[in-house]
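This is what each chain is made of:
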Amino acid sequence: MKYVGAPLKRKEDPRLITGQGAYVDDITLPGTLFCALLRSPHGHARLTGIRTEQASRHPGVVAVLTGRDIAGKMGTMPCGWNLPGLKKPPHPVLAVDRVRLVGDRVAAVIAEDRYIARDALDLIEVDYEPLPAVVDAEKAFAPGAPQVHEEAPENTAFVWGFPGHGVEEAFAKADRVVRLRLVNHRVIPTAMEPRGVLAQFKPAAGELTVWSSTQVPHLVRALLGMVLGFPEHKLRVIAPEVGGAFGSKLYLYPEEVLVAHLAMLLHRPVKWIEERRENYQVTTHGRDRVDYIEVAVKEDGTILGLKCKCIGNLGAYLSTFAPAIPSVFFGIMLSGAYRIPAIACEVRGVFTNTGMVDAYRGAGRPEACYVLERTVDRIAMELGLDPAEVRRRNYIPAEAYPYTSATGVTYDSANHRPALEKALRLVGYEALRKEQAELRKNGRLLGIGLSSYVEVCGVGPSKGLAAAGGGGGGWEMGTVRVHASGKVTVLTGCSPHGQGNETSYAQIVADGLAVSPEDVEVLHGDTHIVPFGTGTFGSRSAAVGGTAVHLSVEKVREKARAIAAHLLGAPPEKVAWDGSRFVVQGEPGRAKTLQEVAGAAHLATPLPPEIEPGLEATTVFDPSNFTWPFGTHVAVVEVDPETGKVQFERYVAVDDCGNVINPLLVDGQVHGGIAQGIGQALYEAAVYDEHGQLLTGSLMDYTVPKADDLPSFETDRTVTPSPVNPLGVKGVGEAGTIAATPAVVNAVLDALSPLGIRELDMPLTTEKIWRAIQAAKAGGKGAQEGRR
Amino acid sequence: MKVPIALTVNGRRREDAVEPRLLLVHYLRDVLGLTGTKIGCDTSQCGACTILLDGLSVKSCTLLAVQADGAELTTIEGLQRNGRLHPVQEAFWELHALQCGYCTPGMILQAVQLLKERPNPTEAEIRHGLEGNLCRCTGYHNIVRAVQRAAAAGR
Chain A
1 MKYVGAPLKR
11 KEDPRLITGQ
21 GAYVDDITLP
31 GTLFCALLRS
41 PHGHARLTGI
51 RTEQASRHPG
61 VVAVLTGRDI
71 AGKMGTMPCG
81 WNLPGLKKPP
91 HPVLAVDRVR
101 LVGDRVAAVI
111 AEDRYIARDA
121 LDLIEVDYEP
131 LPAVVDAEKA
141 FAPGAPQVHE
151 EAPENTAFVW
161 GFPGHGVEEA
171 FAKADRVVRL
181 RLVNHRVIPT
191 AMEPRGVLAQ
201 FKPAAGELTV
211 WSSTQVPHLV
221 RALLGMVLGF
231 PEHKLRVIAP
241 EVGGAFGSKL
251 YLYPEEVLVA
261 HLAMLLHRPV
271 KWIEERRENY
281 QVTTHGRDRV
291 DYIEVAVKED
301 GTILGLKCKC
311 IGNLGAYLST
321 FAPAIPSVFF
331 GIMLSGAYRI
341 PAIACEVRGV
351 FTNTGMVDAY
361 RGAGRPEACY
371 VLERTVDRIA
381 MELGLDPAEV
391 RRRNYIPAEA
401 YPYTSATGVT
411 YDSANHRPAL
421 EKALRLVGYE
431 ALRKEQAELR
441 KNGRLLGIGL
451 SSYVEVCGVG
461 PSKGLAAAGG
471 GGGGWEMGTV
481 RVHASGKVTV
491 LTGCSPHGQG
501 NETSYAQIVA
511 DGLAVSPEDV
521 EVLHGDTHIV
531 PFGTGTFGSR
541 SAAVGGTAVH
551 LSVEKVREKA
561 RAIAAHLLGA
571 PPEKVAWDGS
581 RFVVQGEPGR
591 AKTLQEVAGA
601 AHLATPLPPE
611 IEPGLEATTV
621 FDPSNFTWPF
631 GTHVAVVEVD
641 PETGKVQFER
651 YVAVDDCGNV
661 INPLLVDGQV
671 HGGIAQGIGQ
681 ALYEAAVYDE
691 HGQLLTGSLM
701 DYTVPKADDL
711 PSFETDRTVT
721 PSPVNPLGVK
731 GVGEAGTIAA
741 TPAVVNAVLD
751 ALSPLGIREL
761 DMPLTTEKIW
771 RAIQAAKAGG
781 KGAQEGRR
Chain B
789 MKVPIALTVN
799 GRRREDAVEP
809 RLLLVHYLRD
819 VLGLTGTKIG
829 CDTSQCGACT
839 ILLDGLSVKS
849 CTLLAVQADG
859 AELTTIEGLQ
869 RNGRLHPVQE
879 AFWELHALQC
889 GYCTPGMILQ
899 AVQLLKERPN
909 PTEAEIRHGL
919 EGNLCRCTGY
929 HNIVRAVQRA
939 AAAGR
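Those protein sequences? They're chains A and B, same order as listed.
Using our numbering, read the first sequence as starting at 1 and increasing by one per residue.
Using our numbering, read the second sequence as starting at 789 and increasing by one per residue.
Some hints could be false.
Below, a list of computed lysine to aspartate or glutamate pairs in the DMTMM-like style, where the Cα atoms sit at most 25 Å apart [claimed, not checked]:
1) A:Lys574 / A:Asp511
2) A:Lys173 / A:Glu382
3) A:Lys645 / B:Glu911
4) A:Lys706 / B:Glu807
5) A:Lys2 / B:Glu878
6) B:Lys790 / A:Asp113
7) B:Lys790 / A:Glu346
8) A:Lys768 / A:Asp578
9) A:Lys309 / A:Glu275
10) A:Lys706 / B:Asp804
11) A:Lys11 / A:Asp511
12) A:Lys434 / A:Glu421
13) A:Lys9 / B:Asp830
14) B:Lys790 / A:Glu638
15) A:Lys777 / A:Glu382
16) A:Lys706 / B:Glu878
17) A:Lys11 / B:Glu882
18) A:Lys559 / A:Glu518
These are calculated hints, taken from the structure and not from any lab test.
Computed from a predicted structure; not experimentally measured.
Modelling step: build the complete structure from the supplied sequences, incorporating the hints.
Listed below in structure tokens is the structure:
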């Protein structure tokens, strides 16, 4: 192997560093109209009147549409995940008689340019009758709470869970029961490119093309066709360059439906580009849940059982995969890296007058990891044990793999202990603990936080997804096409938006066909070029999409071997691929390169009669299981006792994502993941007031970490190949985010522990920590008074 | 009422009549077709629209096109010299300092400006100097390395 495993520079970059990457807003078609949306300023209100005449008459305005204009002409927004008893209240593309969140879509203006469209929004008059709103998930199902949807009594969309086996027995045997209430607050994904949609309809051909900033063009094609009643084979969805997503572009959004509808209605291209303000209001948010945890432990720190009762905030409407995130993808992960014999989980998903919540980098796994890693540290604290030692005592042992957890899932492979020991060695754990003790004598607050995670990646086996309510469709498609010249085109159903698949797939192909990565072009993101696909999410690009490409490489090579044998006049069984050529066994002089074979395959001469011309193969790979990466991160911080400011001393990450295709890309994914995990731990929070007004509605108020808010990261790896796919890869897109949040919170709480502060809810802002320190100094009640 | 402006963009003289309220970033993108300059927020926080104006880095969403009258502008499209990448572009590619690429044009131009002011910056100075440009993909780790690399290349 020559390229797989090498830190190859990205093929994507030359266009991106020169300004030639074309994102949706960079694409302009002649005659394009611009769409702007009037959005609700109220969290909850009745819509009693809309007057659009003045806006319609404004020079340059082509059309103004309200919910009544489009009602009946299209379906409502779909939810793609089913849980038993799930309530799915209708989610109209434009609101008709009620708005349920700030930013809810009230009217659309279509004009000759974006300035005119924005001007005309101000000319629409709307009568709202404000209604009481509910924003807090725990208050949403209390008696008398304002109802978001009549169809969902107590604002409850679902109650999901599993009672577990032997849970009560485990608690009966416990030396101690440790209890925590953890708030995993709401954060905003903040892809740097806001969403955008451009649609063009060609009436004579009956063809509709939609450019969208999405992670899942094929899913958008399917759902959009369904909502519009438009034939899927005439619908083309293109995800051009996409400027980040982190889960927030994984769904069908009302704007995609609306803009496509407008292009058909007006017979002109229509573009809508999201403003950051809109992005914060209506593009999905992440997390937002409260977890009540009880854990049964022995005096030595061994965990006997875990009970988790949770409330997840879904926002005002169900986003495409919303039901799955707080329930399934949280619940199945509650064993983490640990052998926990008995686990019970109950999750209530509730509607509130807030932005929709769905997958955000990690999607359920960071929440489960936070529960476990905070709990393990609490166990260590209550029992007076070292947190590293409590982890060692509870890890699933290597020999137990493949391991079926008490939550019913089977981990493919792992070895937790070496990852932990490597991380501890890199950070100099024992020396740090000594240093910490010394510094404490002088009132200095050094904190060391650990986090051992398990991730579920390579989403996923269609059967597994279907069983969990997802309807299936976890496969990925990969085509490898060798041109007559020997150059290679790859088609993938994955739709990258920063991950670098054009490079990593080229590496797979380059090794498999003995070509240069320069000669491999990876195409993606266009449903007319890539016939079918699932998309890029759930750390699946390498494990599922990469495997599909790899298997197609093998098929191509097998066909090429048969042609080579024919060209060489040797029986096929005597011809083998030696890594660079097809060689007749025992006669190294008699050989054909792939390029020579490709020429013959396309000219169809000389070709054996039983072989079709051309040299191309397609594989649809549906994995037998998810993949399960793991690792340990260590955060070392010092808290300034005067100001409460957290200063990073070190951040060490040891991740195991199986075999590595490109270490440059793997490290990049880990860096970005850690940054988002730290963001939630220390800085970021979406805040609503009691009326459902988003107080952190722009980058002025929502703290995306800046360069000087973050440290440099020290990354390393262990390698435990996955048996689920022939590449042995697992995926790494979300690991950093999952591990970092609890590592950092554990570090800060460790730093503050000499002051008697036991618990603080995220984000651990300087002000919150300062208040907790002041409260602790004042009366030793720091934990309670400092919490909010 | 349109207002005449004359300016130099990436070494080329431009004369246009623009609406007084037209943002510079929209002038560059929609009028000149220089779409390498991105828009990531409405409030001048993200820095995706950073360009160089008369030798200073500015956020082109915060200026009106008419304010650039008479100015000399460099956008990401104008950073290469004779078809060769600028050392900062080279370093960003070499060290994987970009993922989705959306913040990259602004980030690169800000890094160019930073190195002009401080040819040998410390890590803290680099992080401080990039404060006005947000990246959500890289955690800034490799961006900082790339700026260090470009600084070394410039020595």
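Hint check results:
1. A:Lys574 / A:Asp511: holds (22 Å)
2. A:Lys173 / A:Glu382: Given that 25 Å is the threshold and the Cα spacing comes to 18 Å, the pair holds.
3. A:Lys645 / B:Glu911: holds (20 Å)
4. A:Lys706 / B:Glu807: Violated: Lys706 (chain A) and Glu807 (chain B) sit about 34 Å apart, past 25 Å.
5. A:Lys2 / B:Glu878: holds (24 Å)
6. B:Lys790 / A:Asp113: holds (16 Å)
7. B:Lys790 / A:Glu346: violated (63 Å)
8. A:Lys768 / A:Asp578: violated (63 Å)
9. A:Lys309 / A:Glu275: At roughly 37 Å apart (the allowed maximum being 25 Å), Glu275 (chain A) and Lys309 (chain A) break the hint.
10. A:Lys706 / B:Asp804: violated (37 Å)
11. A:Lys11 / A:Asp511: holds (16 Å)
12. A:Lys434 / A:Glu421: holds (18 Å)
13. A:Lys9 / B:Asp830: Given pair Lys9 (chain A), Asp830 (chain B) is violated - Cα atoms ~33 Å apart, limit 25 Å.
14. B:Lys790 / A:Glu638: Outside the cut-off at roughly 57 Å; violated.
15. A:Lys777 / A:Glu382: This hinted pair holds, its Cα atoms lying about 22 Å apart.
16. A:Lys706 / B:Glu878: holds (23 Å)
17. A:Lys11 / B:Glu882: The given pair, whose Cα atoms are some 11 Å apart, holds under the 25 Å limit.
18. A:Lys559 / A:Glu518: Given that 25 Å is the threshold and the Cα spacing comes to 23 Å, the pair holds.
Figure legend: structure checked against the earlier numbered hints; hints not met, in rising order: 4, 7, 8, 9, 10, 13, 14.
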